[in-house]
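Work the whole structure out from these sequences, hints included.
There are 2 protein chains.
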Amino acid sequence: MYIDQPLQHYLDDLASAEPTPGGGSAAALSGALGAALASMVARLTLDKAEYADVQEEIKELLEQTEKLRDRFQQLLQKDIEAYGRLSACFKMPRDTDEERAARSKAIQAQLVEAALVPLEVTESAAELVRLCRRIAEIGNATVLSDVAVGSMLASSAGASAAWMVRVNLRAMKDLELVSVLSDRLGAALDYIAECSQQVTGIVGERA
Amino acid sequence: MYIDQPLQHYLDDLASAEPTPGGGSAAALSGALGAALASMVARLTLDKAEYADVQEEIKELLEQTEKLRDRFQQLLQKDIEAYGRLSACFKMPRDTDEERAARSKAIQAQLVEAALVPLEVTESAAELVRLCRRIAEIGNATVLSDVAVGSMLASSAGASAAWMVRVNLRAMKDLELVSVLSDRLGAALDYIAECSQQVTGIVGERA
Chain A
1 MYIDQPLQHY LDDLASAEPT PGGGSAAALS GALGAALASM VARLTLDKAE
51 YADVQEEIKE LLEQTEKLRD RFQQLLQKDI EAYGRLSACF KMPRDTDEER
101 AARSKAIQAQ LVEAALVPLE VTESAAELVR LCRRIAEIGN ATVLSDVAVG
151 SMLASSAGAS AAWMVRVNLR AMKDLELVSV LSDRLGAALD YIAECSQQVT
201 GIVGERA
Chain B
1 MYIDQPLQHY LDDLASAEPT PGGGSAAALS GALGAALASM VARLTLDKAE
51 YADVQEEIKE LLEQTEKLRD RFQQLLQKDI EAYGRLSACF KMPRDTDEER
101 AARSKAIQAQ LVEAALVPLE VTESAAELVR LCRRIAEIGN ATVLSDVAVG
151 SMLASSAGAS AAWMVRVNLR AMKDLELVSV LSDRLGAALD YIAECSQQVT
201 GIVGERA
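Taken in sequence, the protein lines are chains A and B.
If you read the first sequence in my numbering, its first letter stands for residue 1, the second for the next number, and so on.
If you read the second sequence in my numbering, its first letter stands for residue 1, the second for the next number, and so on.
Only true hints are included.
Since copy identity is lost for identical chains, a pair holds within one copy or between any two.
In silico DSS-like cross-links for lysine-lysine, where the CA-CA straight-line distance does not exceed 30 angstroms:
| # | residue 1 | residue 2 |
| --- | --- | --- |
| 1 | K48 | K91 |
| 2 | K78 | K173 |
| 3 | K59 | K91 |
| 4 | K173 | K105 |
| 5 | K78 | K105 |
| 6 | K67 | K48 |
| 7 | K105 | K91 |
| 8 | K173 | K91 |
| 9 | K91 | K78 |
Note that these hints are calculated values from the structure, not bench results.
The following block contains the structure:
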């Protein structure tokens, strides 16, 4: 698990010619960074007299940002595994008709998983930007630029993972499923765009 | 040095109520992720017969993306140190006029450094997006979505660090210097916006 290894190791492997980790995993890490900053601002609002009115809500928000951080940390590794399984499918033998059929079926099944993992990154990023918006509204005003950065890193996690979703959707033959997943992706990206703009506005006013 | 410690450690400390690491350091890490992905795509273009014509240029690009990655890795730590020194200045005694004057002078000096580190993140991000654009033009067409992600993570590194630059500029009293640094920040952000849009266009056409 990369999360337990030195940060340098992850960055070196990301930069290497090995196919994993790749863009989907890096997008998930950007999401984890964003969630961590949202948690930091929530924590810096806890037990502060000026923010007595919002303590209960801030505690709930912190619970949710920490859950999302954990999710992104898992997705960082899950993307590597999903992509590794897809690569293995591409290496299956294709000398006979039976082999070609089996290989194609395996690839198609694995493409779905390889699309679902980054799609979950984008959908989790949408959820995180929503939490950042609320933290920007009620959180400690002296550290709002950190929640603005958290929202920004979440947005780019979502948009980055979307590239990887699209790559996999393009190769999928089940067009009905492609349409369903495309719609989910579009909805999450629209939500991120709207929400992250609101965060910028709120932080601009309050900071 | 965080770079030599487990990734989990960095993320946990980022999420903690400790003031460092904060948004500027996380922005630098996003830049390092972007540079690593640009390096990956460059490496996956090396020694490929279809890309024989661009081998020399790709080697040079790889050298530059790896230099930038190293720079971002250093900035990740430098931001923590600069912010730590600024926090220390705020804790200086302020009981007498002399103490207040010394404290104010120390804060002003340290604010410059605390602004210059994230400004370098934004300027390095601008440089990285430029390299991503060229890699998008001539790099291995099968992995272009990874360079699109690299460019996206670089852009958000630049925009994220800009929040931290502005926070420090707002507290600075040397208005001439504020104006010079604001101009540098604006120029880098404009360049990033223009260049990253071009990357999206190029990858859309070639992928």
